[in-house]
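**Student:** For the record, the sequence lines run as chains A and B. Each step along the first sequence adds one to the number in my numbering, with nothing skipped, and position 75 is 75. With positions in the second sequence counted from 1, the corresponding number in my numbering is that position plus 1000.
Accuracy of the hints is not assured; some may be wrong.
Distance condition first, Cα-Cα at most 25 Å in a straight line; then the derived DSS-like pairs of lysine-lysine [said to hold, decoys possible]: (1) K71(A) x K7(A); (2) K71(A) x K59(A); (3) K1492(B) x K46(A); (4) K22(A) x K1282(B); (5) K31(A) x K9(A); (6) K1221(B) x K1282(B); (7) K71(A) x K19(A); (8) K46(A) x K1282(B); (9) K31(A) x K1411(B); (10) K1492(B) x K68(A); (11) K1285(B) x K1170(B); (12) K20(A) x K1432(B).
Honestly, the hints are just simulated from the structure, not real lab data.
Residue strings, one per chain:
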Amino acid sequence: MEFNLIKIKGLIAQSNLSKKDKNDFLTILAKAKDEELKNIVDLFEKDLWNIEIINNVYKAKKEAICNKDTKMWENILTEEAKSLDTIENI
Amino acid sequence: MLEEFTPQLNIEDNQKKGIKEINAQGQDTASEVDVQKNNELLDITPEKLVQNEKTFLGKFKEKTKDLAKVLILITALTAGAEFVHAQDLSERESEKIEQVEKKKEASFYKLEFIEKEETPQEIMDNIKIVYIQAINNGKTRPIILSQKDLEKNPSLDIDGYIANIMIFCKEEINIDINESDFRRINKFENDNYIGQRGKSIYPYHLETDDYPEEYWQEIMKNDIVQDEQGGSFLKGGYYYGQNPININYLGEPISNIENNEVVFKINDETYKLPIKQKVFQKFNKDFKLTKDGLEFNYLGNDLNRFSAIEEINEKLSAIAEGVNNVENISSDNLVNQIQIVDYNKSNAFADQQKKTISFHPDCINKKSLEELRVTSEHETLHKFVFENGFTENMDIRNMFADLKGYINNQKTCILRDGFAPFDNYNYDYKNKTFFAFIDEHNFFNQENGGHSFGNIYEFMTSFYHTLMYIDRLEDELDDTVLIKHIMGKPQKVILSEDDKVLILDHYISLIEMTLENTENIPVIGKFYNNKTEEFLKNKLVIVKKIKNKLTVK
């Protein structure tokens, strides 16, 4: 059984994402092995806002990869590192 | 491609100083204009992207460890990877080719050996290797000194400058450079890499023809030592400087001292390694400055190449004009030095602590005179809005969060830090048109510049920039607004009458709030100069007039 994916589906349903974003996001997450989704479940359960954040990250990465945009990819990684640094030091 | 004003980071230093930085989605005292045109297409090999990100986020081991894993998972899923951890061979091959090419280049450093009667044997037995990352012709190049080299008492002369020095010893030792202590290299149990200022360094990062990856794997296998604060370090591993493999590295030197001395000490023994490097040198400009005392200084090994940039005098003059324009509206001397850092990036950035703004030669080369003036103003304004406390003011932060329509978490983050994590990805915020309107790319009709939605620092800088050119406001309201973002295609917006009024309302509220902050600035111990207050009051009158004209129509 894909327990984690089921949990994620429920959490995403409660989020503020548009219907299309909900579908797209769930589709990409469904590509993972269920055990790999444990961290995502924990993150989303902590705060539904995290769903919006990770969905935004996903959309940005998709855009960079689809356009093979090196600069955008670098920006994304920089932004991730900065954000994690901040959270780490709160 | 989206180009934006972004902050430069140096969290570690600011934490030490207890400073919230000027340009916070990050750190440091600085703000940066990223204007790099990277024409190389992204290699979308999933394994490579995942490895790249793992290297980048590998340092996060505490409370964000799981979040870092989630971010890497998202990359893997998006790129279609199945968590293949193998190193990307093609990358390794290209690095090797690059190193062979580098070897073919003329040597960029000289080693002279000095005969001495005695060599401190205990120290010599302890040192494994010294790895110096030097900047020559704008690029990072390694200089490696083995134990055998060191035994011959070398003196090093570099045609360039030092970014970073790593020293690997068998046991603990005291090392300083110019009497500043080296820092310890981080290492955590079971990790196959080391850490420096939070950046993960894998063995392959240090690989050269003479010292393959396996050599560095062995070096990194030394024991781990822990300090009283719970820090975890590689035994005998030390560094000094900033590592150029960090994406945020902008070409900073370890020091501005020409003749450096690395000193090793164990018990009564001392060993000295002299290193000569290039330092900032005055650039003799061939133009009249608009401001007395403003200096141009160049750091690098090829001043002639920099001097040969087309219209160089006009361009430097435009930069000086930008500084002057901001200082004319301020009571303060904000900038007295323009630094040209000859490093292979294309940015401009301001230093919060010093009266300095910096440019990479490529940024000066690519930008027009007008763009350079605007960029220079933007960087100087970063210092201005910070020094006036506009970015730290809670009412202004509150208004920024409200404008973005944020409540709860995001608002809390903005009030506390000046920005919300991952906010540059978020396209779901209010008043996009207003934020885009005040961005330099719109207000000054330039190709690039500004991302005022990103954080309080960029917001107040771009907003104040528009106030400096308030005579453009009416015309700009009649122009289309281009909304750019880290994601998605730019969107053109034609402003309705209601949109225009709303933008003007935001202007009025913000000016009033900034004015209040200005009026509250403590004036103890110095003459009160109300230049800023007068400036804001004057702009408020103008904006109100424009609004009246619109609403009476």
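**Student:** Now tell me if each hint is right for this structure.
**Tutor:** Results for each hint:
1. K71(A) x K7(A): Not OK: K71(A) and K7(A) at ~35 Å, beyond 25 Å, violated.
2. K71(A) x K59(A): holds (16 Å)
3. K1492(B) x K46(A): Violated: K1492(B) and K46(A) sit about 37 Å apart, past 25 Å.
4. K22(A) x K1282(B): Violated. K22(A) to K1282(B) sits at ~58 Å, over the 25 Å cutoff.
5. K31(A) x K9(A): Roughly 13 Å between the alpha carbons, so the hint for K31(A) and K9(A) holds.
6. K1221(B) x K1282(B): Since the Cα atoms of K1221(B) and K1282(B) sit roughly 45 Å apart, the hinted pair is violated (cutoff 25 Å).
7. K71(A) x K19(A): violated (30 Å)
8. K46(A) x K1282(B): Status violated; Cα separation ~55 Å.
9. K31(A) x K1411(B): The given pair, whose Cα atoms are some 33 Å apart, is violated under the 25 Å limit.
10. K1492(B) x K68(A): Answer holds: K1492(B) to K68(A) is near 24 Å, not above 25 Å.
11. K1285(B) x K1170(B): violated (50 Å)
12. K20(A) x K1432(B): holds (22 Å)
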